[in-house]
Amino acid sequence: MLRYVVRMYLKEIFTGSTYWIILGVLLWSEYFAASQFKGELALVEMLQFIAIPVYIFLVSTVFFTEDKVLTFELVMFRDWSTVAVGRLLSLFLSLTPFTVATVLIVGHYHAGTFMVPISVAVLLYSTTIILSTVIGGGSKLYVLSMGLLFMLPFSSLVLIQNQASLGNPVHGAMGYLTYLFAPVYGSYAVSSRILLVDSNLANWIVFGLSVFLGIGYPFIFKRREVHPGN
Amino acid sequence: MIIEIEIETDGLGFSYDSRTPALEDVTFEVTARRIGIVGQNGSGKTTLLSIFMGFLKPDKGEVMINGLVPFKERDKLLKMFAPAFEKGHLPYGMKVRELVTLIGEIVGDEKDVEDLAGELGLLSFKDKKVYELSSGQGQLLWIFNALADRNRVPVLDEPFVHLDIHAYKRVARVLKERFDSYILTSHIPEDVELLTESVIVLEDGRVWWHGSLPEVESTYEVFVPAGAKVGLPKVLADFGNVVVCECPEELLESLMRDGSILGYKRAGVRLLYAKIRS
Chain L
1 MLRYVVRMYL
11 KEIFTGSTYW
21 IILGVLLWSE
31 YFAASQFKGE
41 LALVEMLQFI
51 AIPVYIFLVS
61 TVFFTEDKVL
71 TFELVMFRDW
81 STVAVGRLLS
91 LFLSLTPFTV
101 ATVLIVGHYH
111 AGTFMVPISV
121 AVLLYSTTII
131 LSTVIGGGSK
141 LYVLSMGLLF
151 MLPFSSLVLI
161 QNQASLGNPV
171 HGAMGYLTYL
181 FAPVYGSYAV
191 SSRILLVDSN
201 LANWIVFGLS
211 VFLGIGYPFI
221 FKRREVHPGN
Chain R
1 MIIEIEIETD
11 GLGFSYDSRT
21 PALEDVTFEV
31 TARRIGIVGQ
41 NGSGKTTLLS
51 IFMGFLKPDK
61 GEVMINGLVP
71 FKERDKLLKM
81 FAPAFEKGHL
91 PYGMKVRELV
101 TLIGEIVGDE
111 KDVEDLAGEL
121 GLLSFKDKKV
131 YELSSGQGQL
141 LWIFNALADR
151 NRVPVLDEPF
161 VHLDIHAYKR
171 VARVLKERFD
181 SYILTSHIPE
191 DVELLTESVI
201 VLEDGRVWWH
211 GSLPEVESTY
221 EVFVPAGAKV
231 GLPKVLADFG
241 NVVVCECPEE
251 LLESLMRDGS
261 ILGYKRAGVR
271 LLYAKIRS
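As they're listed, the protein sequences go chains L and R. Heads up: the first sequence runs through residues 1 to 230, numbered per my numbering. Heads up: the second sequence runs through residues 1 to 278, numbered per my numbering.
Treat the hints as calculated values from the structure; they're not laboratory data. In this text the structure is predicted, and so the values were computed from the model without any measurement. One or more hints might be untrue.
[Stated by the list, open to error] Quick look at which bits of chain L chain R covers, simulated, 3 or more residues with Cβ under 8 Å: (1) 1-10; (2) 41-55.
[Unchecked claim] Pairs of lysine to any residue, SDA-like flavour, derived with a Cα cap of 20 Å: (3) Lys128(R) / Lys222(L); (4) Lys222(L) / Asp59(R); (5) Lys76(R) / Ser81(L); (6) Lys129(R) / Gly16(L).
Glycine included, C-beta positions come from ideal geometry on N, C-alpha and C.
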């Protein structure tokens with residue numbers, strides 16, 4: 001049954017022309033930022049604040065279904081766990097084209113410095129967004145995902161830069177938290193010495209949290225209430 | 001598939017906001033093949049079905065369907081029952097025929113599922129994308145999803161609301177011919193009277209009545225032309241174009257012959273509604 005679930009979701013994600021147009025624009029922008037600008041900041045900001053959140057938002061909207069529509073899928077696939085795992089798997093598979101292309105572009109121009117932060121950032125944002133879908137679909141989910149994907153990373157940037165301008169590099173638990181909100185920018189901040197954390201450990205924390213959220217999602221999904229009347 | 005549907009509830013209560021009860025002290029036992037749940041708008045039909053199908057967890061009380069506790073055994077329940085709720089817009093970009101094929105593959109009998117799609121009238125718009133469907137076409141797709149597997153018991157919430165008369169006939173025929181067991185909710189009395197044998201009447205979140213519809217002698221639902229004033233004796237309730245009254249059949253026959261009334265039938269759910277109002 002899982003293959004039918006994955007097939008349906010992937011078809012929904014990949015068949016629309018919008019997907020390919022936006023993917024093309026994002027990858028072109030990454031290439032432009034990597035090849036035309038001196039240093040890494042343009043690429044980092046492009047990735048952290050535009051390309052990664054926009055792409056994850058793009059592929060996740062398929063899962064922003066209202067409860068009533070979710071009942072349609074549950075009835076069709078007749079199994080709560082299969083639908084949950086199928087959603088998670090489909091989301092991960094849909095990340096592949098973007099992540100692979102991005103890692104190749106970044107690897108080519110910057111010798112792989114940001115490959116790990118990009119990978120864990122994509123993983124963390126995608127698991128966070130899929131987990132947030134258990135609150136139900138509709139506008140509240142759009143607002144929440146906008147906050148998670150766009151506002152949190154940006155708040156991280158503001159915090160790090162403000163503190164750096166005062167001569168107080170962010171460090172300790174707060175440092176890891178800001179890294180968690182924006183791993184790609186965090187990695188750049190670490191290399192610029194305005195964020196004082198161990199980037200390896202920070203990447204492991206982001207990865208570990210992503211795995212935790214990813215494993216937790218099917219369990220929470222299976223136990224959530226669904227309101228078909230909504 | 002012939003199965004007896006056994007529903008047992010005891011003191012069932014549910015509220016969406018923990019202040020206003022959507023269901024209150026719902027207690028009944030029903031064993032039947034074709035069960036109808038009828039009630040006015042907001043009476044709690046969809047909420048009750050949602051609890052039966054394990055989508056919502058009751059705040060109070062107990063419920064069991066064919067030996068299963070719905071919220072705890074929701075996977076088992078979905079393998080036995082196939083619910084379809086009142087039309088919600090389906091956002092899928094795939095075409096109707098692709099969805100029909102997918103459901104056919106899942107069910108494991110593509111030919112039968114394709115036949116069902118034809119019987120329901122889905123194939124006339126098979127090349128439309130799902131998100132482009134009209135409300136009636138979308139409703140048909142929901143019903144199709146619930147009826148696709150003959151081995152599951154359909155549970156249909158207000159299935160006829162958005163359907164035209166032709167689609168209504170097709171769905172009613174398919175339901176009767178393909179399934180011996182189902183659960184159906186409606187706020188339209190005729191739907192449950194025609195298609196079910198055991199009826200649960202909900203009113204303000206409570207079970208007001210349940211059982212087989214009583215056949216009360218000399219109590220009729222009389223269909224009157226719009227705006228007409230017909231002198232009927234012992235009117236129990238007036239629903240506009242339908243009047244429930246206690247009167248001799250001979251009188252109704254004569255009124256029908258002279259064109260004063262459009263028709264009449266033995267009182268059913270509307271009689272229960274009339275009693276609720278009184």
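Hint compliance check: list the failing hint numbers for this structure, sorted ascending. 2, 3
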